[in-house]
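Peer 1: Sequence:
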Amino acid sequence: MALYAIADLHLSLGADKPMDVFWGWKDYVPRLKANWNRLVKPEDTVVLPGDISWAMKLENAIEDFSFIDRLPGRKIILKGNHDYWWTTVSKMNAFCAAQGFGTIHFLNNNSYLEEDVAICGTRSWLFDVGQPHDLKVMNRELGRLRSSLESAQGAEKLVFLHYPPLYPTGNAQEVVALLHEFGVRECWYGHLHGGSIRGAIQGEVDGIRYRLISADALGFCPLRIR
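Note that the sequence shown covers residues 1006 to 1231 in this note's numbering.
If you are wondering where the hints come from, they were derived from the structure by calculation, not from laboratory data. Some hints could be false.
List time: in silico EDC-like cross-link candidates among lysine to aspartate or glutamate, alpha-carbon distance up to 20 angstroms [stated by the list, open to error]:
no.: 1; residue 1: LYS1046; residue 2: ASP1139
no.: 2; residue 1: LYS1141; residue 2: ASP1088
no.: 3; residue 1: LYS1062; residue 2: ASP1088
no.: 4; residue 1: LYS1022; residue 2: GLU1064
no.: 5; residue 1: LYS1022; residue 2: ASP1032
no.: 6; residue 1: LYS1022; residue 2: ASP1088
no.: 7; residue 1: LYS1022; residue 2: ASP1221
no.: 8; residue 1: LYS1031; residue 2: GLU1179
no.: 9; residue 1: LYS1038; residue 2: ASP1025
no.: 10; residue 1: LYS1141; residue 2: GLU1179
no.: 11; residue 1: LYS1038; residue 2: ASP1049
no.: 12; residue 1: LYS1038; residue 2: ASP1074
no.: 13; residue 1: LYS1038; residue 2: ASP1221
no.: 14; residue 1: LYS1031; residue 2: ASP1021
no.: 15; residue 1: LYS1022; residue 2: GLU1068
no.: 16; residue 1: LYS1046; residue 2: ASP1074
no.: 17; residue 1: LYS1096; residue 2: GLU1064
no.: 18; residue 1: LYS1046; residue 2: GLU1119
no.: 19; residue 1: LYS1096; residue 2: GLU1120
no.: 20; residue 1: LYS1062; residue 2: ASP1074
no.: 21; residue 1: LYS1038; residue 2: GLU1048
no.: 22; residue 1: LYS1062; residue 2: ASP1021
no.: 23; residue 1: LYS1096; residue 2: GLU1068
no.: 24; residue 1: LYS1038; residue 2: GLU1068
Given the structure is predicted, the values throughout are model-derived calculations rather than measurements.
With the sequences and hints as input, model every part of the structure.
Peer 2: Right, dumping it as structure tokens:
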């Protein structure tokens, strides 16, 4: 069994919002499918850290979810800033059950044990919070990340975020502090595209190894984590 990850699929199979108009995204869906099928086996797990579908409502995401469900492996999805379809976990689980999407699971205030490691994470938020609303959202995301990490108990914790915890111009200090508090050594994130990929902070920083895994940064090829 192997563990893979890739963020920011930005699927729009049931909507008219193609990503092909952006540089580097031409024919990205068949490229993603081919790479995924080449690498991932049914017994493997793939973490998808946010921006999964452009659908505005869950019922409009059926084609995107169907595409994901048909790909090999178990999928663990967490929320991104463009996942407007996201609702309560109970409603999303009921939706998947009704549609027969048996390979899709959601990471929200919880964790998933994969052999000897725990998959933890949350969407997170922008590092330069300044408005009262931003502070409220960040505090909520910190609570979700803490709940996820606590649920993993003594297992080695692998953290997946949508927003980068580190930027060239600053960082989400509270998020980074939480990673250190729980002894996290590895963290993967998405959200950055195009020219922003070049400026992404990757590699080891203060004992934690960071890696950008947005789909275009990976060439639409899932990255093997374990």
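Peer 1: Taking the hints in turn, state whether each one holds.
Peer 2: Results for each hint:
no.	hint	verdict
1	LYS1046 with ASP1139	40 angstroms, violated
2	LYS1141 with ASP1088	19 angstroms, holds
3	LYS1062 with ASP1088	9 angstroms, holds
4	LYS1022 with GLU1064	16 angstroms, holds
5	LYS1022 with ASP1032	14 angstroms, holds
6	LYS1022 with ASP1088	14 angstroms, holds
7	LYS1022 with ASP1221	17 angstroms, holds
8	LYS1031 with GLU1179	37 angstroms, violated
9	LYS1038 with ASP1025	15 angstroms, holds
10	LYS1141 with GLU1179	13 angstroms, holds
11	LYS1038 with ASP1049	15 angstroms, holds
12	LYS1038 with ASP1074	12 angstroms, holds
13	LYS1038 with ASP1221	14 angstroms, holds
14	LYS1031 with ASP1021	15 angstroms, holds
15	LYS1022 with GLU1068	13 angstroms, holds
16	LYS1046 with ASP1074	13 angstroms, holds
17	LYS1096 with GLU1064	11 angstroms, holds
18	LYS1046 with GLU1119	15 angstroms, holds
19	LYS1096 with GLU1120	28 angstroms, violated
20	LYS1062 with ASP1074	18 angstroms, holds
21	LYS1038 with GLU1048	17 angstroms, holds
22	LYS1062 with ASP1021	14 angstroms, holds
23	LYS1096 with GLU1068	17 angstroms, holds
24	LYS1038 with GLU1068	14 angstroms, holds
Hint compliance for this structure: hints 1, 8 and 19 are not met, and every other hint is.
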